[in-house]
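> With these hints in hand, go ahead and build the complete structure from the sequences.
Protein chains: 10
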Amino acid sequence: MTRDDVTQLVHDAKRKSGKSWKDIAAAINPSVSPICITAALLGQMTLEKAEAEKAATLLGLPADAALLLAEIPYRGSIPSMPPTDPLIYRFYELVMVYGTTFKELIQEEFGDGIMSAIDFDMTMERQPDPKGDRVKLNMSGKFLSYKRY
Amino acid sequence: MTRDDVTQLVHDAKRKSGKSWKDIAAAINPSVSPICITAALLGQMTLEKAEAEKAATLLGLPADAALLLAEIPYRGSIPSMPPTDPLIYRFYELVMVYGTTFKELIQEEFGDGIMSAIDFDMTMERQPDPKGDRVKLNMSGKFLSYKRY
Amino acid sequence: MTRDDVTQLVHDAKRKSGKSWKDIAAAINPSVSPICITAALLGQMTLEKAEAEKAATLLGLPADAALLLAEIPYRGSIPSMPPTDPLIYRFYELVMVYGTTFKELIQEEFGDGIMSAIDFDMTMERQPDPKGDRVKLNMSGKFLSYKRY
Amino acid sequence: MTRDDVTQLVHDAKRKSGKSWKDIAAAINPSVSPICITAALLGQMTLEKAEAEKAATLLGLPADAALLLAEIPYRGSIPSMPPTDPLIYRFYELVMVYGTTFKELIQEEFGDGIMSAIDFDMTMERQPDPKGDRVKLNMSGKFLSYKRY
Amino acid sequence: MTRDDVTQLVHDAKRKSGKSWKDIAAAINPSVSPICITAALLGQMTLEKAEAEKAATLLGLPADAALLLAEIPYRGSIPSMPPTDPLIYRFYELVMVYGTTFKELIQEEFGDGIMSAIDFDMTMERQPDPKGDRVKLNMSGKFLSYKRY
Amino acid sequence: MTRDDVTQLVHDAKRKSGKSWKDIAAAINPSVSPICITAALLGQMTLEKAEAEKAATLLGLPADAALLLAEIPYRGSIPSMPPTDPLIYRFYELVMVYGTTFKELIQEEFGDGIMSAIDFDMTMERQPDPKGDRVKLNMSGKFLSYKRY
Amino acid sequence: MTRDDVTQLVHDAKRKSGKSWKDIAAAINPSVSPICITAALLGQMTLEKAEAEKAATLLGLPADAALLLAEIPYRGSIPSMPPTDPLIYRFYELVMVYGTTFKELIQEEFGDGIMSAIDFDMTMERQPDPKGDRVKLNMSGKFLSYKRY
Amino acid sequence: MTRDDVTQLVHDAKRKSGKSWKDIAAAINPSVSPICITAALLGQMTLEKAEAEKAATLLGLPADAALLLAEIPYRGSIPSMPPTDPLIYRFYELVMVYGTTFKELIQEEFGDGIMSAIDFDMTMERQPDPKGDRVKLNMSGKFLSYKRY
Amino acid sequence: MTRDDVTQLVHDAKRKSGKSWKDIAAAINPSVSPICITAALLGQMTLEKAEAEKAATLLGLPADAALLLAEIPYRGSIPSMPPTDPLIYRFYELVMVYGTTFKELIQEEFGDGIMSAIDFDMTMERQPDPKGDRVKLNMSGKFLSYKRY
Amino acid sequence: MTRDDVTQLVHDAKRKSGKSWKDIAAAINPSVSPICITAALLGQMTLEKAEAEKAATLLGLPADAALLLAEIPYRGSIPSMPPTDPLIYRFYELVMVYGTTFKELIQEEFGDGIMSAIDFDMTMERQPDPKGDRVKLNMSGKFLSYKRY
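Protein chains in written order, with full-length UniProt numbering: chain R, 1 to 149; chain V, 1 to 149; chain U, 1 to 149; chain A, 1 to 149; chain H, 1 to 149; chain Y, 1 to 149; chain E, 1 to 149; chain Z, 1 to 149; chain P, 1 to 149; chain L, 1 to 149.
Among these hints, one or two may not hold up.
Computed list of lysine-lysine pairs in DSSO-like fashion (alpha-carbon distance at most 27 Å, straight line) [claimed, not checked]:
1. 131(E) x 147(Y)
2. 147(V) x 131(A)
3. 19(L) x 19(P)
4. 131(Y) x 147(A)
5. 136(V) x 22(R)
6. 22(P) x 147(L)
7. 136(U) x 16(H)
Since the hints were derived computationally from the structure, they do not count as laboratory data.
Here's what the structure looks like:
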């Protein structure tokens, strides 16, 4: 059994259960962001052992799947890059359009280094707007300075 | 003269002036986000005519450059994808790791559609943290529903 | 079961039934464009729950398939790009040949922004012509202005 | 001098003149679609000799450029595929999302063959809409049947 | 069942039967070129219903296969491009070496347009030669002029 | 000076002279196919020393160019593959669609081997046709058997 | 059954038998180079009917496999290029490093043409050396002159 | 000045001198293989200081070029892979067709390791043959065993 | 059975056993580096016959798997390059950032040649650090000089 | 002036000076690793202002170059990936062969996270060995744990 198999099993079980990711995530661990839990169920993050077992029970997954959900995955969720799906592509486009701007402004503020994609957190919420509601994403990553040695 | 030539001229002029993007942006138009202005100076957004002229004066750019800064650019700031620069690559990595999670959670909340990368705004700031300061990015994009017809 | 499996089941069922896409689409929902319905059956659009069930009944698809037809798909219908199939390639060629012309003329008329591929509709019809009938495609997409912020 | 040089000269001359594509096209030949003329000025179509000379006079291009504008170009206007520019990418996305639908519906109506991208014409206009104006594109291409022999 | 499955079934059946493509094609329809029939059996062309049934009987293919052989295929016979097989690669090489020569000489003779790959026919025969027999390919494609509009 | 420079010089000189490839080729050497001569002028074949000098005189090329036209070129005339130009792409498409058919029928007739793209010749002519004139290409390549050893 | 299936069966059978390629090749046909026979067993060359049957008996392959071993394969043995395996990559590297040198020296000696990869033979042997034994490869390919016509 | 500039200068000087690679190599250092010397002149190997100076004198290269010829180059002589030039492509094809055979037979003889492309030498000569002369290449590379540790 | 199947079996067995790579490696052969043994279990190195059998017993693998673990693999462990997994990507990034520095400094010290990736060994250990523990990798590869001949 | 121009100027100046990287680095700042300084001179790291000026004086670079050497570069030193140069390719190969082993063993020791390529240092030295001297590389990168949130 591979992690991709588990992701497929999760999709099948979720579809049949009619539950939302939000509810599934809350049931697995309400004190962790639903983004983290969902990403783990999609094969991109690691659940703790107890969470993985709760997930397996909740979704009716086989025992192997619980073990795999607690294992560090080989990351990379997009079938091929650039992403063909329009929702995901828009994020890719933002990197292409704003990439050099991010670089200039972050390094002007912090010096030579990067924003970590590991020591990183994120929230996502609906921002009501009379002209059409908006998706609001707040990202925060630790700045890491290039070490001189 | 191409837009890439203008971007190169901007870099040369900025380097010699010793000014920061923040100061340059504020001088061009303090009521517009420095992200927008910087992105325009890097060939990714459009300045208004008056802004472009102010930019040209400020940076000592030739008249042609002012015309080009007010022209809609052919967007795409990254020399080649995936980006080889580590700071920019981390954003690309976030798309690969969190892409399917974005898709599941945004569409669960909003239905079938996308977050616009056009009707979109963003802020970037330093988030002080005793364990090391963090880069904080807030993004907000209008949700666009797939039209049925 | 994946959405690709459903697409394959749809092709198999359609072939055996001898029905046309036009007839299938009309049976599923006559007030929605057959383009929309066909695209959904090919894994690119979402059917409403009742439509998905009608589709499943009509084509003899298993219950899972009905659930999947009402789920938002991971879009991207072409096995690999550029498309190897000549009919589809001609559209790709139009983008290569006319892409910059679209950009110049649309932005000259509307300003900086894009034609939405989400708030978008399309018709396709036969245009009789003594020198050989023609395919007529009418596309209409909302213009979205780049937001300044 | 290459056709790309001519395209660059056209962009430079147009920028300085302040004229629109529409006006330039009308001045070159008002009885031909501005799409055709603009595409030629962008290196994708061929002008007739007299048109090319009018274009060169109008835009102050050197004599070589007039010769080149009347020469059949090596087509392909996009610097690299997939297009990095959002406006053009949306058309590429339409091919990825609707490609198989085009194939199924056109071939269901016409039999085995393709829509020509050569014996092809197109109009583009603004479609006023209270919810936001729309880009309207009408395309028409001759259907070509696969020949059996 | 996919068209690729049918192609595989055809290869298996042909191998066991010991028949040649020439004989199979003649048995299916002697008045159509064996190139057309063979291409259809390899998933690149469409057989007529009666031909497909004859093919299925001749080769012992299941009923589904007959339906698929009469269906318009998603064309593209080469596993990946450039072709790794030397025989096919030589044709690819001819395009790379002679491509611009074809363009110059065909357009010098016919004006702006292309040689159709749809209204196209071809013969292949052995050309005896004392220095070693030669493969003779005669291709003929309708010239299509770029339409001005 | 590179061979690409020579090709560019040839294009410039031909454009100014108003001569056709056919006439230029005939003037250089009427007993060799204009396809060969044109291909050499486009950097894909080798002219003999006397021909190269005639070509240089005829087109007003510098002495270096004559030396280069008689030098064996690094072949490959297409800026990038797949070709973006529609005329050349149609040949590429023929390889994708008919590639496996070529392989099956040539090897059925000749055994294991290839059609040479080196010991190869070709003619191109206009085939008048009331339904629209056709491009006629006759190719002939020596069959080379795979050697067993 | 595909040729790849046969290659896999050959690997499985060889592994269980404990036999070497050298011994297998000698048993199939001692008067043909073990390189040829091994390449055929790996799906890159064609065995004669009697050899294929001997191979099938020797390795316990099913009857279909014998038929396939005598069929001309679709060549190309490397899963993807550039080769990821270090032994094979070194040959790829030799082409990158020495490719232009081969071209200059072979064409200086023989004129315009190529070394055939079809009318080609090769030996491989161990060359004892006190500083470490060496792999010795002798290749010989017929020179083919570009034909003028 | 880059090494590519030097390679271009070498080509220009050689062309004007009318000398062969063989003669140039012999004049630079007759006790080293002309393959080595030619490869160095093409930017793939390193000349010793005295050789580089002799080369510069012989070919009339500037002093910088002599320094560069004695510098270790960034190797990789082929403009893009796969090589578009037919002579070089045939070597690439040999790797694709015989790659796995090389691997099996070399490792069967020598164990786990590779043939070095660094401690490697080669000769190239004309092999007269009544059926057409042949190119004979003898390669010899030290076998390097994978180290266990 | 392929080597990839074995790697999958190893992962499944390890997961169920709850054992670490370190323990498994020590049980297979404590006098060989756990890096070597783990790499072999992941399909990149070769185990000796006795080790392979011990591995099969320890992990409950079928007899075929033991044979395959002692067979030289087709190397290349990354599903696709560049690696999508962040941990592995960082090593790829180091090559992109420091590649030319490695080249300059190694060749300045040792002359023209390479660091072998075959006669190569490596250790990996935890380096405690109050600011956060570090991964310490020590690599050592034999320097191989380019041979002149 | 771009950073690539500076790198080229550095190479030219170093070549003429006859100095080694080691000496240049020591002259610029003896208390920083020559790897860091060399990487900066090759456009991959940032020098401090005083160091950049010392570098410019030492190598006779223009004032602009000093400014650029103190600017954060757009990283990525390899012309194209995979690297064509054998010395650098061997590091790329190590990632392909050992990538999954690194992942398994680092994450087994440290948990879910990565080895930083930013808070990273490295030494390189000659390791004398009677069987041939070895290149010794010691790398140390901070382990960064994936943050849960």
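> The structure should be examined with respect to each hint, and the outcome stated for every one.
Hints and how they fare:
1. 131(E) x 147(Y): 36 Å, violated
2. 147(V) x 131(A): Holds: residue 147(V) and residue 131(A) sit about 13 Å apart, inside 27 Å.
3. 19(L) x 19(P): With a Cα-Cα distance of about 54 Å, the restraint between residue 19(L) and residue 19(P) is violated, given a limit of 27 Å.
4. 131(Y) x 147(A): Holds - the C-alpha atoms of residue 147(A) and residue 131(Y) are around 13 Å apart, at most 27 Å.
5. 136(V) x 22(R): 24 Å, holds
6. 22(P) x 147(L): 26 Å, holds
7. 136(U) x 16(H): 47 Å, violated
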